[in-house]
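Each protein sequence line maps, in turn, to chains A and B.
Each residue of the first sequence is one higher than the last, beginning at 0 in numbering that gives the first Met the number 0.
Each residue of the second sequence is one higher than the last, beginning at 0 in numbering that gives the first Met the number 0.
In short, the hints are calculated from the structure, not lab data.
Among the hints, erroneous ones may be present.
[Claimed, not checked] Partial list, derived from the structure: chain B residues whose beta carbon lies under 8 Å from chain A:
1) E2
2) L16
3) R79
4) L83
5) Y89
6) R90
7) S91
8) S94
9) A145
10) G149
11) I150
12) P246
By construction, the Cβ of each residue, glycine as well, lies at the ideal position given by its N, Cα and C atoms.
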Amino acid sequence: MSQKNDEHSRREILTKGLTLGALTLGSLSFVQFLPASLQSNETQKSKKVRYGMVIDLKKCIGCNACVIACKQENNIPIGNYRTWVKDVERGNYPQVKRGFIPVLCNHCEDPICNRNCPVKATYQRPDGIVLVDYDRCIGCKYCMVSCPYNMRFPHPYRRTADKCTFCVHRLDRGLKPACVDACIGKSRIFGNLLDPASEVSRLIASQPVHVLKPEQNTKPQVYFLNLDYIMVEANKTDFKYMEYYRRNVPAEMGITEKQAEENHTVLKGKCGADRVYDSTLKANANRVGTV
Amino acid sequence: MNELARVIWNAPHDIYLATNIAIYFFLTGISAASFIISTLAYVFGIERFKAAGKIGAVVAPIALIISPLFLVYDLLQPSRFLHLMYMFNYRSPVSWGSFLLTIYPINCLIYLFYIWKENRPRIKFYGYLGIPLAIAVHGYTGFILALAKGIALWNTPLMPIYFLISAMVSGTALLIIIAVLKETFLENNAAINRFFPKVEKEVIWELGRLLAVFIAVDLFVAFSDVVMLYYTTPENSIVAKVIMEGPFSNMFLMMEIGLGMVLPFIVLLIPGLNKSYTVLTVMSVLVLVGIWAMRYVTVVAGQYVPLM
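I would like the entire structure built from these sequences, with the hints used as guidance.
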């Protein structure tokens with residue numbers, strides 16, 4: 000008798016558990032269909048934040064610390080860059096000058112990549128950061144050809160589109176992006192564009208600033224001080240140079256693609272940032288939105 | 000000329016969309032054009048095109064069922080292609096395409112079914128429905144390129160028109176090839192003749208003249224495009240250099256313009272030659288190769304110039 004009862008209750012528990020499980024699974028999959036902007040609760044943080052960056056090219060010494068910091072922070076594979084420093088030589092001998100143009104995603108106000116993404120994998124947070132939802136992205140590469148700044152690339156191991164996130168995982172913990180913290184000349188200045196007291200707002204209001212390709216009408220939010228358009232447009236008609244820089248970088252460095260992949264897996268075991276590498280993490284952990 | 004500035008180091012930029020996408024554009028073009036040629040007979044009632052139109056009605060769904068496979072294969076994550084079906088973004092042309100590529104082949108198959116059943120009113124209905132769909136299914140591919148606004152070669156309002164007219168060129172050429180092959184090698188095959196009636200000599204000649212007209216329009220559109228590239232923004236003139244003098248000049252000037260359009264156009268106008276099946280077939284093959292070169296050059300040369 001008791002055995003029967005036990006069986007009965009066991010069955011009950013089983014069916015209840017199964018229905019519960021099915022329900023949670025169902026709701027989970029439903030959440031997956033929502034655009035990522037609705038999924039995360041961090042987005043509702045504050046409507047008075049609009050992140051932006053000012054890059055003072057006079058202060059850039061071309062040390063590439065920002066590139067290395069970005070690669071370490073976000074675990075970017077060999078041959079791909081979320082930010083890089085374009086190295087340009089200006090003038091002819093004996094009037095020669097070296098210039099550097101650090102470039103990164105402009106987190107445009109009207110991002111064409113967002114508009115052209117067929118599955119709404121690219122989205123913009125209320126604070127202006129343009130992100131890719133890696134679970135929605137199908138890798139059609141249309142955003143990569145849409146971006147007028149060539150800032151997107153196919154992540155070779157995650158196999159989705161990838162781009163600069165302004166180190167959103169650090170921002171949400173109250174830290175600055177890795178490239179800004181690593182900049183030794185204080186060339187990269189980061190902050191809230193809507194806060195009139197921030198350094199970025201002050202610079203944009205008081206100095207002659209430029210953006211890259213304003214004619215594309217994407218309203219970029221990375222501003223440049225002392226930008227030289229001749230350097231930006233350098234070498235565009237030199238086909239030999241284009242062919243040279245189209246070559247695969249790992250191959251150029253004598254690293255096969257397989258070795259690169261092995262290195263990548265040994266280093267982290269998975270793609271993307273999962274930890275904030277900063278000694279001030281503990282101190283800043285609770286100070287959200289104070290950049 | 001002394002350059003004012005030279006790049007010492009820049010990040011490498013890949014060409015993200017290449018052969019697969021070009022094949023896809025080529026095949027949708029053939030499908031849309033075949034469908035439109037078949038409606039000449041079955042919707043607009045030009046009786047002499049009926050035999051050729053039947054071939055077109057068969058080619059249209061076949062080409063369109065193959066072509067999305069290249070798109071899916073080109074995805075970084077082919078298993079996620081279903082995301083396109085339930086994650087809709089009305090602002091993205093790729094998203095429009097995922098629905099057009101579903102509806103259009105279904106419509107094509109229904110149209111073909113009623114042609115087989117010889118149900119006149121139904122053929123007409125699905126024919127009328129299919130014409131805007133055929134234009135949309137190939138026109139939207141022009142918008143895919145035109146709306147990628149960073150790339151100077153693509154970002155022109157001419158792009159959808161250029162795509163549609165070169166589609167008509169390639170579709171007519173393929174139809175001529177198939178019709179000539181059928182009339183030469185399968186003339187007495189009873190099984191095939193039961194569904195596909197004989198394509199008359201005069202109709203194939205007329206298709207040849209139609210091809211010449213389409214080539215003329217295509218040449219005009221290509222000419223306007225290149226002229227506008229030379230005379231407008233700096234990005235445009237760089238891209239004009241890439242296709243006219245740079246690494247793609249052979250493919251563009253020789254394959255697309257020279258062998259693909261100018262030579263067939265001249266030959267098709269010569270009175271004696273344009274009635275020979277051999278000449279017509281050879282010219283049609285040249286035209287097809289030229290249109291393939293056009294698709295490839297448009298897709299790849301556009302991404303050749305680094306944007307940053």
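Contradicted hints - numbers only: 5, 9
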